[in-house]
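Residue numbers (this note's numbering), protein chains in the order written: chain A, 1 to 270; chain B, 1 to 270.
Incorrect hints may appear among the rest.
[Stated by the list, open to error] Pairs of lysine-lysine, BS3-like flavour, derived with a Cα cap of 25 Å:
| # | chain 1 | residue 1 | chain 2 | residue 2 |
| --- | --- | --- | --- | --- |
| 1 | A | 122 | A | 135 |
| 2 | A | 197 | A | 247 |
| 3 | B | 222 | B | 247 |
| 4 | A | 101 | B | 135 |
| 5 | B | 108 | A | 230 |
| 6 | B | 197 | B | 247 |
| 7 | A | 72 | A | 101 |
| 8 | B | 72 | B | 101 |
| 9 | B | 108 | A | 108 |
| 10 | A | 267 | A | 222 |
| 11 | A | 197 | B | 101 |
| 12 | B | 230 | A | 108 |
| 13 | B | 131 | A | 230 |
| 14 | B | 135 | B | 122 |
| 15 | A | 108 | A | 135 |
| 16 | B | 101 | B | 135 |
| 17 | A | 222 | A | 266 |
| 18 | B | 247 | B | 230 |
| 19 | B | 122 | B | 101 |
| 20 | A | 101 | A | 122 |
| 21 | B | 230 | A | 101 |
[What the hints assert, rightly or not] With the Cβ distance kept under 8 Å, some of the chain A side facing chain B (calculated, not the full set):
| # | residue |
| --- | --- |
| 22 | 38 |
| 23 | 64 |
| 24 | 100 |
| 25 | 102 |
| 26 | 107 |
| 27 | 108 |
| 28 | 157 |
| 29 | 165 |
Since the hints were derived computationally from the structure, they do not count as laboratory data.
Glycine is no exception: its CB is placed at the ideal position from the N, C-alpha and C atoms.
Number of protein chains: 2
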Amino acid sequence: MAGTNSLENEIIHEDGPAIILIGAQLGENIGKAVRAMYNFGLTDLRLVSPRDGWPNPDAVPAAAGADIVLDKAQVYETTAEAIADLNYVYATTARRRDMIKTVITPHKCASLMRSHCGGGQKFGLLFGPEKAGLKNDDVALCDAIVSVPLNPAFASINLAQAVILMSYEWFQTGSEQPDQYTPQLETRPASSDDLQKLFDHMETELTEAGYFRHDQRRSIMKRNLRNIFKRADLTHEEVSTLRGVIKALATGGGPGWLAEKAELAKKQGK
Amino acid sequence: MAGTNSLENEIIHEDGPAIILIGAQLGENIGKAVRAMYNFGLTDLRLVSPRDGWPNPDAVPAAAGADIVLDKAQVYETTAEAIADLNYVYATTARRRDMIKTVITPHKCASLMRSHCGGGQKFGLLFGPEKAGLKNDDVALCDAIVSVPLNPAFASINLAQAVILMSYEWFQTGSEQPDQYTPQLETRPASSDDLQKLFDHMETELTEAGYFRHDQRRSIMKRNLRNIFKRADLTHEEVSTLRGVIKALATGGGPGWLAEKAELAKKQGK
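Just chain A, with the same shape it has in the complex (with noise of 0.2 Å):
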């Protein structure tokens, strides 16, 4: 992934965008942001006048061990400072503003900022404090709104919230995990030859228990069977499972299983 150091299976975004606060009011919140925005690989945080100071005590429990993020942490005396050398700033907020402002959702924010990134410019997210949101004049210094799709009727997320969906949602947008994938583990996916046997095997045995007694419906009964266990995208070692529960099912605890507890025991030499 360009601009992504990989050090002992640390992704840092270098080129992510920085995480800027505006007047946080409490040290607990800057430390769960910073937690946050570790999770994602963001490590650029700048603090505008936070109201009890920087560094903060409180905010290091709160960080959970993203201390990167706290020793490397900015403090700005204006919102103008902390992004002079960034090339494009949003504002997140949840409150409506009276200005011509394009307002996008953080996928498109993301989107955007990864389509940008290639020249070496640098990106900001602007969060205002706890309870008053970010000032006009603030959000008029930024690019773009982005606005969070939400309850409408519920729309008060807390900083840190605000904070990891915003850092999620750039790592989504960089990420190399696919969206779905089926682990292997030691074993290997079933050919259609396991398949095929064990179709044969199912099928003797239930002849031979008389389940398909309705002969116009054998040939249905068959296909769905098969399907069932097509789709459950078996592996080998799966489809010797499954024989052997067939067979234990057929044998039963009767004769057949007796025998071949006589035979097991006669092969282990007892």
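Dock chain B against the given chain A, drawing on the hints supplied.
Frame of chain A; chain B shown alone:
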């Protein structure tokens, strides 16, 4: 939107997934998860053996007013009971499991649920206790494992953060909010004629001021300027503002401005 009740701006997704918290430890964390759920219109909370019993007064302040979710919450003794009426259940987990079970992203999970929505199917998302996460026996009850792509060196997300990411993705896949729009408020976009008059005005004043000194670059300079103002996506009113700006700059503090001031005073009958 199918299955959505809009009552006093409230969006409740009755076909949305149940959030199932297994063995949750702190009431405060349950409350935060409740707030996150309701931010994204989810109201079906199911608690399996919450450590401190239920109701838990510690959950109330953290839920920040999402009483509808707290009041409806159901308590179960076992995971099997909590999911009995659900058709599809997904396990959220950060740890890798030695299981051959499909792993999907939160976004894929939301899409899968949406695609199954039509037939009245019911869904659930399982979350384990704060520290230990889900047990393998609970994971085995699920249709797939949801894994959030994140920084592998710092992969611990807290419970409420995990709940908000899943709730957020559910809401996004059903949201009708466009991913980008520009509110026009009381105004309207500038017409081509507005812009042409702006360009003419600006170019006339610039010619007057001797800005287009180099005849051979005149056309290219005009085009560059037009591109700047075209790109700004101006409204009708903003074109007027800019023409005022050009006029002010062109007349400066000199005789033009003095003459205008005199004329204005005359108009106002002073």
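Each hint, compared with the structure:
A hinted pair counts as satisfied when its Cα atoms are at most 25 Å apart, and residue 122 of chain A with residue 135 of chain A qualifies at roughly 23 Å. Our distance criterion of 25 Å between C-alpha atoms is met by residue 197 of chain A and residue 247 of chain A, whose separation comes to about 13 Å. For the hint linking residue 222 of chain B to residue 247 of chain B, the alpha-carbon distance of about 18 Å falls within 25 Å, and the restraint holds. Among the hinted pairs, residue 101 of chain A with residue 135 of chain B is inconsistent with the structure: their alpha-carbon atoms are about 48 Å apart, more than 25 Å.
Proposed proximity of residue 108 of chain B and residue 230 of chain A is supported: the alpha carbons are some 23 Å apart, at most 25 Å. About 13 Å separates the Cα atoms of residue 197 of chain B and residue 247 of chain B, which keeps this hinted pair within 25 Å; it holds. With a C-alpha separation of about 32 Å, the suggested pair residue 72 of chain A and residue 101 of chain A falls outside the 25 Å cut-off, and the hint is violated. For the hint pairing residue 72 of chain B with residue 101 of chain B, the CA-to-CA distance comes to about 32 Å; that exceeds 25 Å, so the pair is violated.
Among the hinted pairs, residue 108 of chain B with residue 108 of chain A is consistent with the structure: their alpha-carbon atoms are about 17 Å apart, no more than 25 Å. Pair hint residue 267 of chain A plus residue 222 of chain A does not hold up; C-alpha atoms about 36 Å apart against a cutoff of 25 Å. At most 25 Å may separate the alpha-carbon atoms for a hinted pair to count; residue 197 of chain A and residue 101 of chain B meet this at roughly 24 Å. A hinted pair counts as satisfied when its Cα atoms are at most 25 Å apart, and residue 230 of chain B with residue 108 of chain A qualifies at roughly 23 Å.
Distance check on the hinted pair: residue 131 of chain B and residue 230 of chain A sit about 38 Å apart at the alpha-carbon level, beyond 25 Å; violated. Using a Cα cut-off of 25 Å, the hinted pair residue 135 of chain B and residue 122 of chain B holds, with the two alpha carbons roughly 23 Å apart. As the CA atoms of residue 108 of chain A and residue 135 of chain A are separated by approximately 23 Å, the hinted pair is consistent with the 25 Å bound. The straight-line distance between the Cα atoms of residue 101 of chain B and residue 135 of chain B is roughly 14 Å, inside the 25 Å bound, and the hint therefore holds.
Restraint check: the Cα-Cα separation between residue 222 of chain A and residue 266 of chain A comes to about 37 Å, which exceeds 25 Å; the hinted pair is violated. Between residue 247 of chain B and residue 230 of chain B the CA atoms are separated by roughly 20 Å; this keeps the pair inside 25 Å, and the hint holds. The suggested pairing of residue 122 of chain B with residue 101 of chain B holds, with an alpha-carbon distance near 20 Å, which does not exceed 25 Å. This hinted pair checks out: residue 101 of chain A and residue 122 of chain A have alpha carbons roughly 20 Å apart, not beyond 25 Å.
Between the alpha carbons of residue 230 of chain B and residue 101 of chain A the distance comes to roughly 16 Å, so the proposed pair stays at or under 25 Å and holds. For residue 38 of chain A, the interface hint holds, since its Cβ comes within 8 Å of a Cβ in chain B; the closest pair sits about 5 Å apart. Of the supplied interface hints, the one on residue 64 of chain A holds, with its beta-carbon coming within about 7 Å of a beta-carbon of chain B, less than 8 Å. Because the smallest distance between the Cβ of residue 100 of chain A and any Cβ of chain B comes to about 6 Å, under 8 Å, the interface hint for this residue holds.
The closest approach between the C-beta of residue 102 of chain A and any C-beta of chain B is roughly 5 Å, which is under the 8 Å cut-off, so the hint is satisfied. About 6 Å separates the beta-carbon of residue 107 of chain A from the nearest beta-carbon of chain B, less than 8 Å, and the hint is met. A cut of 8 Å between beta carbons decides the hint on residue 108 of chain A: the least distance to chain B is about 4 Å, and the hint holds. Proximity of residue 157 of chain A to chain B holds as hinted, the smallest CB-CB distance being about 6 Å (cut-off 8 Å).
A distance limit of 8 Å between C-beta atoms decides the matter here; for residue 165 of chain A the minimum to chain B is near 6 Å, and the interface restraint holds.
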